[in-house]
Structures are given as C-alpha cells and as structure tokens.
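Asker: Here the protein sequences come in this chain order: E and S.
Using my numbering, the first residue of the first sequence is number 1, and each one after it goes up by one.
Using my numbering, the first residue of the second sequence is number 1, and each one after it goes up by one.
Be aware that one or more of the hints could be misleading.
What the hints assert, rightly or not - Keeping only pairs whose Cα atoms sit at most 20 Å apart, straight-line, the calculated DMTMM-like set for lysine to aspartate or glutamate is:
no.: 1; chain 1: S; residue 1: Lys99; chain 2: E; residue 2: Glu104
no.: 2; chain 1: E; residue 1: Lys81; chain 2: S; residue 2: Glu4
no.: 3; chain 1: E; residue 1: Lys8; chain 2: E; residue 2: Glu42
no.: 4; chain 1: E; residue 1: Lys81; chain 2: S; residue 2: Asp157
no.: 5; chain 1: E; residue 1: Lys19; chain 2: S; residue 2: Asp87
no.: 6; chain 1: E; residue 1: Lys19; chain 2: S; residue 2: Glu110
no.: 7; chain 1: S; residue 1: Lys8; chain 2: E; residue 2: Glu110
no.: 8; chain 1: S; residue 1: Lys19; chain 2: E; residue 2: Glu114
no.: 9; chain 1: S; residue 1: Lys99; chain 2: E; residue 2: Glu114
no.: 10; chain 1: S; residue 1: Lys19; chain 2: E; residue 2: Asp87
no.: 11; chain 1: S; residue 1: Lys19; chain 2: E; residue 2: Asp157
no.: 12; chain 1: E; residue 1: Lys99; chain 2: S; residue 2: Glu104
no.: 13; chain 1: E; residue 1: Lys99; chain 2: S; residue 2: Glu56
no.: 14; chain 1: S; residue 1: Lys183; chain 2: S; residue 2: Asp157
no.: 15; chain 1: E; residue 1: Lys81; chain 2: E; residue 2: Glu56
no.: 16; chain 1: S; residue 1: Lys79; chain 2: E; residue 2: Glu110
no.: 17; chain 1: E; residue 1: Lys99; chain 2: S; residue 2: Glu4
no.: 18; chain 1: S; residue 1: Lys79; chain 2: E; residue 2: Asp157
no.: 19; chain 1: S; residue 1: Lys81; chain 2: E; residue 2: Glu144
no.: 20; chain 1: S; residue 1: Lys81; chain 2: E; residue 2: Glu104
no.: 21; chain 1: S; residue 1: Lys38; chain 2: S; residue 2: Asp87
no.: 22; chain 1: E; residue 1: Lys19; chain 2: S; residue 2: Asp157
no.: 23; chain 1: E; residue 1: Lys79; chain 2: S; residue 2: Glu104
no.: 24; chain 1: E; residue 1: Lys79; chain 2: S; residue 2: Glu56
no.: 25; chain 1: E; residue 1: Lys8; chain 2: S; residue 2: Glu110
no.: 26; chain 1: S; residue 1: Lys99; chain 2: E; residue 2: Glu42
Unchecked claim - Here chain E is said to cover these stretches of chain S; the calculated rule only asks that three of the stretch's residues, wherever they fall, bring their Cβ under 8 Å from a Cβ of chain E:
no.: 27; segment: 47-61
no.: 28; segment: 116-128
Unchecked claim - Facing chain S, from chain E, some residues (calculated, C-beta under 10 Å):
no.: 29; residue: Arg5
no.: 30; residue: Ile7
no.: 31; residue: Lys51
Keep in mind that the hints were calculated from the coordinates and are not lab data.
Just so you know, even glycine gets a beta-carbon here, dropped at the ideal spot from N, CA and C.
2 protein chains.
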Amino acid sequence: MLEERIIKNGRNLGNGILKVDGFINHQVDPLLMGACGKELAERFKGLGATKVLTAEISGIAPALLTALHLALPVVYARKTKPITMPDQVFLTLTPSHTKGRTIELIVSPEFLAEGDRVLIIDDFLATGQTILGLVRLAQAAGAEVVGIGALIEKTFDGGRALLASIGVPVEALAVIVSMQDGKIEFAPSGS
Amino acid sequence: MLEERIIKNGRNLGNGILKVDGFINHQVDPLLMGACGKELAERFKGLGATKVLTAEISGIAPALLTALHLALPVVYARKTKPITMPDQVFLTLTPSHTKGRTIELIVSPEFLAEGDRVLIIDDFLATGQTILGLVRLAQAAGAEVVGIGALIEKTFDGGRALLASIGVPVEALAVIVSMQDGKIEFAPSGS
Chain E
1 MLEERIIKNG
11 RNLGNGILKV
21 DGFINHQVDP
31 LLMGACGKEL
41 AERFKGLGAT
51 KVLTAEISGI
61 APALLTALHL
71 ALPVVYARKT
81 KPITMPDQVF
91 LTLTPSHTKG
101 RTIELIVSPE
111 FLAEGDRVLI
121 IDDFLATGQT
131 ILGLVRLAQA
141 AGAEVVGIGA
151 LIEKTFDGGR
161 ALLASIGVPV
171 EALAVIVSMQ
181 DGKIEFAPSG
191 S
Chain S
1 MLEERIIKNG
11 RNLGNGILKV
21 DGFINHQVDP
31 LLMGACGKEL
41 AERFKGLGAT
51 KVLTAEISGI
61 APALLTALHL
71 ALPVVYARKT
81 KPITMPDQVF
91 LTLTPSHTKG
101 RTIELIVSPE
111 FLAEGDRVLI
121 IDDFLATGQT
131 ILGLVRLAQA
141 AGAEVVGIGA
151 LIEKTFDGGR
161 ALLASIGVPV
171 EALAVIVSMQ
181 DGKIEFAPSG
191 S
C-alpha cells in the first residue's frame with residue numbers, strides 16, 4: 001500500500017531525494033499512516049517495548065500511530081529545547097544530510113529512563129544517522145533499544161549496515177534499492 | 001478526561017505557562033490524544049471540511065488524530081522550508097509568545113487550494129496568533145476556514161476574542177480560565 005502510494009505520489013528529485021510531502025510529511029494521509037502504524041506495531045509487538053521514540057518533525061506521525069496500536073507512550077526528541085523542559089537534558093548531535101548541517105536531538109530525563117525498552121520509529125531509514133542519534137539518547141538514559149522501524153528505507157544510503165551493530169530487529173515497510181536515472185526501484189518483496 | 005490529565009500531570013510554571021510535555025508535546029499519550037481527536041472530529045463533523053490544517057510541531061499529534069477520525073488529509077504548516085518544497089509558497093509571519101520572537105508559517109500551494117474547506121486544529125488556543133496565522137495562509141490559498149479547534153484554551157490570553165471576527169465555530173476541549181497563584185482553574189463545564 002505504501003509502495004503503491006510512493007509510485008503514485010512520490011517524486012524522485014535527484015541526488016537520492018524522495019519527495020513524499022503529499023502523504024508523509026507536510027501533508028499526511030492519516031488512513032495510510034494508520035495502516036503503516038498498525039503494520040509496524042504488528043512487526044514489533046513481541047518485543048516488550050515500553051516506549052516509542054522518534055525525532056521531530058516528520059517522525060511524529062508514524063511513531064504516534066505505531067504507538068497508538070501498541071498502546072504505548074511516544075516520545076519525540078526535540079531539536080530545540082522548549083522553556084518547559086528542565087535544564088538537565090539528554091542531548092546528542094547528529095549530521096542531517098537533507099539539511100547539510102549538524103542538528104541537536106534533545107530528550108528530557110523525565111520521559112526516558114533506565115528500565116525502558118525503546119522502540120525507535122522514523123519516517124526514513126537513509127544514512128541511519130538520526131536513528132543512531134536516538135539510540136545514543138536511549139543509551140544515555142540507561143534504556144534499552146529493542147527495535148528500529150521506518151516507513152521507507154533507502155538501502156543505497158547504507159543506514160542498515162550502520163545500525164547492524166546494535167543487534168536489534170530493523171524493519172522498513174517500503175524498501176527502495178535505487179533512485180538512479182529518475183526511477184524509484186523497490187526491493188523484490190517487503191523488507 | 002483531558003482536564004483530569006491536566007490536573008494530574010500538568011504543571012503551572014508561572015507567567016501563564018502550562019507544562020503538558022508529559023502527555024501532549026515531547027511525550028504524547030496516543031490513547032488520550034486519540035480520544036481528543038475523536039471528540040474534536042465529532043464536534044466539527046457537520047461542516048463539510050475537506051482538509052485539516054495545523055502548525056508544526058505540537059499541533060501535529062492532535063490534528064493527525066482528528067483528521068484520522070474525519071478521514072481527511074492533514075497539512076502541517078512548516079516553520080522552515082524543506083528542500084522538497086517548491087520555491088513559490090504561502091508564507092506568513094506570526095509572533096510566538098512562548099518563543100519570544102517571530103516565526104514563519106509556510107504551506108506549499110500543492111496542498112492548500114481554492115475550494116478547500118479548512119478545519120484548523122492546534123494544541124493550544126492562547127493568544128490565538130498562531131491560529132490566526134493559519135487562517136491567513138488558508139485565505140491566501142483561496143480556501144475557506146470552517147472551524148477552529150484546540151485541545152486546551154487559556155481564556156486569559158484572549159485568543160477567542162481575536163478569532164471571533166472570522167465567524168466560525170471555535171471549540172476547545174479543556175478551558176482554563178485562570179492560572180494565578182500556581183493554580184489551574186477550569187471553566188465550569190466544557191467549552
């Protein structure tokens with residue numbers, strides 16, 4: 001369903017950039033996102049997760065709907081510290097290849113703690129740097145990462161290899177193996 | 001249900017600032033948010049809305065779950081223009097009283113157009129400035145605003161009066177009339 005939508009409404013902008021702002025970020029199709037959240041929840045339901053973790057902004061929708069189906073709280077790492085957050089926080093720096101600069105990911109110690117079993121959900125698994133930043137935040141809190149899920153994986157950005165050392169299941173709903181020559185080519189079957 | 005949660009987990013930080021980052025922003029309770037989305041959808045279902053509009057970041061969760069119950073697409077105005085967005089955009093400036101500076105709200109003309117009937121949903125109705133910015137974006141696109149909903153209203157910030165001239169239904173699920181002396185005082189019954 002997600003693959004069909006990418007074929008129909010996604011656009012290959014070149015340089016490995018996939019435009020999906022008609023249904024995933026900017027404009028969101030809640031029914032598609034609900035179906036994706038349900039599928040991700042199904043794939044990770046046996047892991048005993050206690051919390052879903054993502055990064056603002058575009059991770060919020062998929063993580064929220066996965067968390068809804070798992071009946072778990074979801075925490076989204078902030079990129080700027082709001083005035084309501086305590087001064088002592090977990091903070092990590094991560095390179096953003098779509099923004100071309102380093103961004104901060106910040107989580108309050110109020111909402112991530114030792115004993116938490118963390119399921120990380122994001123919209124994209126590309127270089128894996130944002131997800132790796134979330135892994136560091138969870139580890140800084142003494143929590144354990146138990147799974148990593150994304151809506152769309154771009155295998156040619158190498159994120160899965162980067163995350164392999166963490167030793168947890170990594171799932172993506174739509175796996176893109178090539179975006180060369182203006183095409184969008186998917187892996188033969190699921191992830 | 002939302003009022004009970006505010007009483008239990010909300011905190012009055014003074015200066016009219018309500019800390020709700022344990023269940024609305026930063027950490028989100030998807031089941032509470034789902035119930036709020038369902039209730040907002042119920043209140044606005046007769047208006048023939050074609051699109052839900054909100055502002056990133058903390059508007060995304062309530063707007064998404066309202067849109068899910070109405071089976072409508074949701075658009076969140078961006079505060080920075082992503083590289084996937086066209087160069088010609090709808091942009092408005094709005095003062096942020098929690099950030100103490102002016103922020104940009106940006107919507108792509110791809111996702112907001114003449115003929116759209118727009119339901120605006122946000123987490124807070126305080127000064128009303130962010131919501132008014134969203135109204136301007138909808139109007140710039142030639143769309144019609146048909147309703148405005150928020151999870152929490154702070155009546156002492158005067159937003160409802162500011163929005164009255166738009167002449168559409170304004171609904172809030174939890175209405176706070178005073179935060180003086182460290183208390184959180186609700187309106188007698190609903191909005």
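Asker: Does each hint hold? Answer for all of them.
Answerer: Tested hints:
With a C-alpha separation of about 18 Å, the suggested pair S:Lys99 and E:Glu104 falls inside the 20 Å cut-off, and the hint holds. The hinted pair formed by E:Lys81 and S:Glu4 fails the criterion: a straight-line CA distance of about 27 Å is larger than 20 Å. Of the pairs offered as hints, the one joining E:Lys8 and E:Glu42 is violated, with about 26 Å between alpha carbons and a cut-off of 20 Å exceeded. With a CA separation close to 23 Å, the supplied pair E:Lys81 and S:Asp157 exceeds the 20 Å bound.
Distance check on the hinted pair: E:Lys19 and S:Asp87 sit about 14 Å apart at the alpha-carbon level, within 20 Å; holds. Of the pairs offered as hints, the one joining E:Lys19 and S:Glu110 holds, with about 12 Å between alpha carbons and a cut-off of 20 Å not exceeded. A distance of roughly 15 Å separates the Cα atoms of S:Lys8 and E:Glu110; the hinted pair therefore holds under the 20 Å criterion. About 23 Å separates the Cα atoms of S:Lys19 and E:Glu114, which puts this hinted pair outside 20 Å; it is violated.
Taking the CA atoms of S:Lys99 and E:Glu114, the gap is near 32 Å; set against the 20 Å cutoff, the hint is violated. In summary, the hint linking S:Lys19 to E:Asp87 is supported, as the alpha carbons are separated by about 14 Å, within the 20 Å threshold. A C-alpha spacing of about 39 Å is found between S:Lys19 and E:Asp157, which places the hinted pair above 20 Å, so the restraint is violated. Proximity of E:Lys99 to S:Glu104 is assessed by CA-CA distance (about 18 Å); at most 20 Å being required, the pair is judged to hold.
Under the criterion of a C-alpha separation no larger than 20 Å, the hint pairing E:Lys99 with S:Glu56 is consistent with the structure, at around 17 Å. The hinted pair formed by S:Lys183 and S:Asp157 meets the criterion: a straight-line CA distance of about 16 Å does not exceed 20 Å. Taken as a hint, the E:Lys81 and E:Glu56 pair is honoured in the structure, with Cα atoms around 12 Å apart against an allowance of 20 Å. In summary, the hint linking S:Lys79 to E:Glu110 is not supported, as the alpha carbons are separated by about 27 Å, beyond the 20 Å threshold.
Our distance criterion of 20 Å between C-alpha atoms is broken by E:Lys99 and S:Glu4, whose separation comes to about 40 Å. About 27 Å separates the Cα atoms of S:Lys79 and E:Asp157, which puts this hinted pair outside 20 Å; it is violated. For the suggested pair S:Lys81 and E:Glu144, the alpha carbons sit about 35 Å apart, so the restraint of at most 20 Å is broken. The straight-line distance between the Cα atoms of S:Lys81 and E:Glu104 is roughly 18 Å, inside the 20 Å bound, and the hint therefore holds.
Distance hint between S:Lys38 and S:Asp87 is unfulfilled; the C-alpha atoms sit about 36 Å from each other, more than 20 Å. As the CA atoms of E:Lys19 and S:Asp157 are separated by approximately 39 Å, the hinted pair breaks the 20 Å bound. As the CA atoms of E:Lys79 and S:Glu104 are separated by approximately 17 Å, the hinted pair is consistent with the 20 Å bound. As the CA atoms of E:Lys79 and S:Glu56 are separated by approximately 12 Å, the hinted pair is consistent with the 20 Å bound.
For the given pair, E:Lys8 sits about 15 Å from S:Glu110 by alpha-carbon distance, which is consistent with the 20 Å threshold. Restraint check for S:Lys99 and E:Glu42: not satisfied, since their Cα atoms lie roughly 39 Å apart, outside the 20 Å limit. Coverage of a stretch by a chain is defined here by at least three residues with a beta carbon nearer than 8 Å to that chain's beta carbons; for the segment 47-61 of chain S and chain E the count is 4, and the condition holds. Restraint check on the segment 116-128 of chain S versus chain E: 0 residues with Cβ-Cβ distances below 8 Å, three needed, restraint violated.
For E:Arg5, the interface hint is violated, since its Cβ never comes within 10 Å of a Cβ in chain S; the closest pair sits about 12 Å apart. Nearest Cβ of chain S to the Cβ of E:Ile7: about 17 Å, over the 10 Å cut. The hint is violated. For E:Lys51, the interface hint holds, the least distance from its beta-carbon to any beta-carbon of chain S being 8 Å, beneath 10 Å.
Checked against the numbered hints listed earlier, the structure breaks hints 2, 3, 4, 8, 9, 11, 16, 17, 18, 19, 21, 22, 26, 28, 29 and 30; every other hint is satisfied.
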